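> Whenever a hint applies, use it, and build me the whole structure from the sequences.
So the protein lines, in turn, are chains S and Y. For the first sequence, the numbering used here begins at 30 and goes up steadily by one. For the second sequence, the numbering used here begins at 29 and goes up steadily by one.
Read the hints as simulated data drawn from the structure, not as lab findings. The structure presented is a predicted model; accordingly, all values stated were derived computationally and were not measured. Among the clues, some could well be false.
What the hints assert, rightly or not - Straight-line alpha carbon distances no greater than 30 Å define the calculated DSS-like cross-link-like pairs of lysine-lysine that follow:
1. Y/122 / S/146
2. Y/98 / Y/159
3. Y/354 / S/159
4. Y/202 / S/98
5. Y/354 / Y/122
6. S/121 / S/404
7. S/313 / S/61
8. Y/201 / S/146
9. S/313 / S/114
10. Y/202 / S/75
11. Y/262 / S/175
12. S/313 / Y/159
13. Y/296 / Y/201
14. Y/71 / Y/94
15. S/73 / S/98
16. Y/354 / S/98
17. S/175 / Y/354
18. S/61 / S/98
19. Y/231 / Y/345
20. Y/98 / S/247
21. Y/202 / S/73
22. S/159 / Y/202
23. S/247 / S/73
24. S/98 / S/270
25. Y/201 / S/73
26. S/159 / Y/201
27. S/73 / Y/122
28. S/146 / Y/202
29. S/159 / Y/296
30. S/75 / Y/159
31. Y/262 / S/126
32. Y/30 / Y/345
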Amino acid sequence: MSEQGVAITGMGIISSIGNTVEENLNALISSKKGIAPIVNIQTKHKDVIKVGEVLLTNEELAERLGLIKENNYSRTALLGCIAGKEALANAKIRNIKEYRTGLISATSVGGMDMTEKYCNTFGSDIESQKYITSHHAGDSTQKIAKQLGISEFVTTISTACSSATNAIMLGARLIKTGQLDRVVVGGTDCLSKFTINGFKTLMILSDTDCKPFDADRKGLNLGEAAAFIVLESNTVIQEQKKEVLAFIAGYGNANDAYHQTASSANGEGAYLAMQKALQVAGIKPEQVDYINVHGTATPNNDASEGAAIQRVFGESIPDFSSTKAFTGHTLAAAGAIEAVYSILALKHNVIFPNLNFDNPIPEFGMCPVTEVKEKALHYVLSNSFGFGGNCSTLIFSKN
Amino acid sequence: MKPCYIHSIASISAQETLNSDLFLRNVIEHESNMISAIRPNYKDFISPVASRRMATGVKMGVVTAKTALKEGGITQPDAIITGTGMGCIEDSEKFLNTIINNDEEYLTPTSFIQSTHNTVGAQIALGLECKSYNVTYVHGANSFEFALLDAQLMLHEATANTILVGGVDELGKKFITDYALLHDTQKVPFSEGAHFFTVTSEKQENSYATLQAVSCIQSIAVEEISSRVRDFLKNNNLSASDIDVVVLGNNGDEYDMYYSRLQDSLFKNALQLEYKHLCGEYYTASAFGLWGASKVMRNQIVPDALRINTIKKSQYKTILLYNQYKGEHHSFILLTAC
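So, in structure tokens, the structure goes:
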């Protein structure tokens, strides 16, 4: 089987630190976080949580997309369409039908933001019924596909907080094996009462700005965001003489098989995912220059991920940081958000800081990068883990 | 992609499909528009402690996964790939109702924990302590087919030899009644079910069928359906006259015109089968179709309950499955005899 390389030629993002790739980069290099009290959702918990919220309203997002007022787009779909369109434009794709092009999106919230508002009136109020069909997870993907003009290979992955990483991984495999020439991959999730209350009951929401990998971390800040990247085959790159931002060098997926929500103490799933990704990339651990860790700032995740990183990298742990103190944990989208940040890191030879860090976790003594750090980067590894033991890792390379 | 092999199968559906070897000889005629699956005695498969926390879809998924693995003599698959259109709607509804009714107070996490779409795949992995590749597809009526496609891709990449792949959906309570309001032209009931298969890279002694190809297409205009089917067959070096049996996802709504176009032209001379009057409609109902087609291929027997026409074939060697939902989420699955 002749294998195709997997080039990244475009990216798009909307998050609490910016509505474009450029805005996100500027926020990252000026340590400007997007964590604040919640504005768009009415919730009883608004005084005790802080979130990474996109401040544009649904109406404003719909207007940017040129949608009619009566549309039935969930916020998940709206955010996804904005990021997807930026990714296509960034990749300078004018004729979407020119190559076999797919879309793989990821979501966990799907249309829940509308369902939680209207579920009690679906039976009686005709106006709200339009949101019944936008509940299922595939709906947001279909709407993004429509906005991008992709009508053939369109699918959705949902593996909780590792979803987008798996979407990117599937895209890379389809390009590598020649099943597709080009694929838009990423994820989208909006904030909802459902997830706010869910994480609240698990008692893993922090009432302050989250502190990833800190000894005194209290939990995560939820966030909302969408990000997509465009993957293209060697053939397309050569035929179109395209500029390449970076490559996907490796990927790995494993299951912790330990508990529905908690991660194992030795980080077995995370360890296996990183090992597989290194193997696919054909590189040694010491070749990794920077790890964008999952780093949700929950006591359990950071301890488990720290243990896994120590098992993989031993004494020489590469520079690492969690960018979740900027954006909050954007659930199914997180892997795509952090893919964009990893690509930006490679492209600009810069490591983004792990904000709010004071003291290392005593058992590990691991200190993340806490200031913007310039450094030549060749390989960046990004982790995403989710409920259900789903652990996934991507490795991005410059060449 | 390289072909792979359907090695073992298991079904829980609105028919007696889990325990019975009768293969749809005594079918249940459904009269209501909402039908639960025939539930097995879960105690035979899952410990009561674990079972108590599991919603219907998770239980059905775990039971069919165990059954398919047992039939295949497999203890550890190299990957677990699941498709579900609605995910864990039962626990989602439960948690959502509590949020609304209790005004965001006095909530417990159990139903939230079990509401994520990947719960079925996760619980199967947990039960088997299976640390391998694990992914869940949630793309409407293509959810199961994408799981199958991923499985074939993995076997093609030679990163796995034996994969557990399935589709699961549960009815839930309230959302489905609202949904049914909007879809009242459908003639078959709404239902639920779980189907798991093991697929292998090498042919085994008792393999059901060769899985030649799976293709999913988001949208096709009805005028183009015949040419798209022809293209799919051509990519597999076949033409319409090579198809012995065509298995169609008719559900009685206005989009059945996609099927009737094929029934009246390309597949006029093929044995035509349908199944949704037996298993009902749900996003992963097409997995029931594959379960049935696999049995037809191995047993070389076609139950009368599946037949649309009476065309006789001396052998059933090449079977095409076609499904779509509301003119979207089209899928083709091509099986040949082992």
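> All hints are to be evaluated individually against the structure, with a verdict given for each.
Each hint tested on the structure:
1. At roughly 15 Å between alpha-carbon atoms, residue 122 of chain Y and residue 146 of chain S fall within 30 Å of each other, so this suggested pair holds.
2. Between the alpha carbons of residue 98 of chain Y and residue 159 of chain Y the distance comes to roughly 19 Å, so the proposed pair stays at or under 30 Å and holds.
3. Note on residue 354 of chain Y and residue 159 of chain S: the hinted pairing holds, with a Cα-Cα distance of about 15 Å set against a maximum of 30 Å.
4. Of the supplied pair hints, the one linking residue 202 of chain Y and residue 98 of chain S holds, its CA atoms being roughly 28 Å apart against a limit of 30 Å.
5. Pair hint residue 354 of chain Y plus residue 122 of chain Y holds up; C-alpha atoms about 28 Å apart against a cutoff of 30 Å.
6. Among the hinted pairs, residue 121 of chain S with residue 404 of chain S is consistent with the structure: their alpha-carbon atoms are about 29 Å apart, no more than 30 Å.
7. Among the hinted pairs, residue 313 of chain S with residue 61 of chain S is inconsistent with the structure: their alpha-carbon atoms are about 34 Å apart, more than 30 Å.
8. Distance check on the hinted pair: residue 201 of chain Y and residue 146 of chain S sit about 18 Å apart at the alpha-carbon level, within 30 Å; holds.
9. Our distance criterion of 30 Å between C-alpha atoms is broken by residue 313 of chain S and residue 114 of chain S, whose separation comes to about 36 Å.
10. Among the hinted pairs, residue 202 of chain Y with residue 75 of chain S is consistent with the structure: their alpha-carbon atoms are about 29 Å apart, no more than 30 Å.
11. Between residue 262 of chain Y and residue 175 of chain S the CA atoms are separated by roughly 28 Å; this keeps the pair inside 30 Å, and the hint holds.
12. Distance restraint check for residue 313 of chain S and residue 159 of chain Y: the Cα-Cα separation of roughly 22 Å lies within the 30 Å cut-off, and the hinted pair is therefore satisfied.
13. This hinted pair does not check out: residue 296 of chain Y and residue 201 of chain Y have alpha carbons roughly 40 Å apart, beyond 30 Å.
14. At most 30 Å may separate the alpha-carbon atoms for a hinted pair to count; residue 71 of chain Y and residue 94 of chain Y meet this at roughly 13 Å.
15. For the proposed pair residue 73 of chain S and residue 98 of chain S, the alpha carbon gap of about 29 Å is at most 30 Å, so the pair holds.
16. For the suggested pair residue 354 of chain Y and residue 98 of chain S, the alpha carbons sit about 24 Å apart, so the restraint of at most 30 Å is met.
17. For the proposed pair residue 175 of chain S and residue 354 of chain Y, the alpha carbon gap of about 16 Å is at most 30 Å, so the pair holds.
18. With a CA separation close to 33 Å, the supplied pair residue 61 of chain S and residue 98 of chain S exceeds the 30 Å bound.
19. For the proposed pair residue 231 of chain Y and residue 345 of chain Y, the alpha carbon gap of about 16 Å is at most 30 Å, so the pair holds.
20. Taken as a hint, the residue 98 of chain Y and residue 247 of chain S pair is broken in the structure, with Cα atoms around 44 Å apart against an allowance of 30 Å.
21. A hinted pair counts as satisfied when its Cα atoms are at most 30 Å apart, and residue 202 of chain Y with residue 73 of chain S qualifies at roughly 25 Å.
22. Restraint check for residue 159 of chain S and residue 202 of chain Y: satisfied, since their Cα atoms lie roughly 16 Å apart, inside the 30 Å limit.
23. Distance hint between residue 247 of chain S and residue 73 of chain S is fulfilled; the C-alpha atoms sit about 20 Å from each other, no more than 30 Å.
24. A threshold of 30 Å between alpha carbons decides the hint, and for residue 98 of chain S with residue 270 of chain S the separation of about 40 Å lies outside it, so the pair is violated.
25. As the CA atoms of residue 201 of chain Y and residue 73 of chain S are separated by approximately 27 Å, the hinted pair is consistent with the 30 Å bound.
26. Pair hint residue 159 of chain S plus residue 201 of chain Y holds up; C-alpha atoms about 19 Å apart against a cutoff of 30 Å.
27. Restraint check: the Cα-Cα separation between residue 73 of chain S and residue 122 of chain Y comes to about 19 Å, which is no more than 30 Å; the hinted pair holds.
28. Straight-line distance between C-alpha atoms of residue 146 of chain S and residue 202 of chain Y comes to about 15 Å, which keeps the hinted pair within the 30 Å bound.
29. Straight-line distance between C-alpha atoms of residue 159 of chain S and residue 296 of chain Y comes to about 38 Å, which puts the hinted pair past the 30 Å bound.
30. For the given pair, residue 75 of chain S sits about 38 Å from residue 159 of chain Y by alpha-carbon distance, which is inconsistent with the 30 Å threshold.
31. Straight-line distance between C-alpha atoms of residue 262 of chain Y and residue 126 of chain S comes to about 21 Å, which keeps the hinted pair within the 30 Å bound.
32. Between residue 30 of chain Y and residue 345 of chain Y the CA atoms are separated by roughly 18 Å; this keeps the pair inside 30 Å, and the hint holds.
In terms of the numbered hints stated before, the structure departs from hints 7, 9, 13, 18, 20, 24, 29 and 30, listed from lowest to highest.
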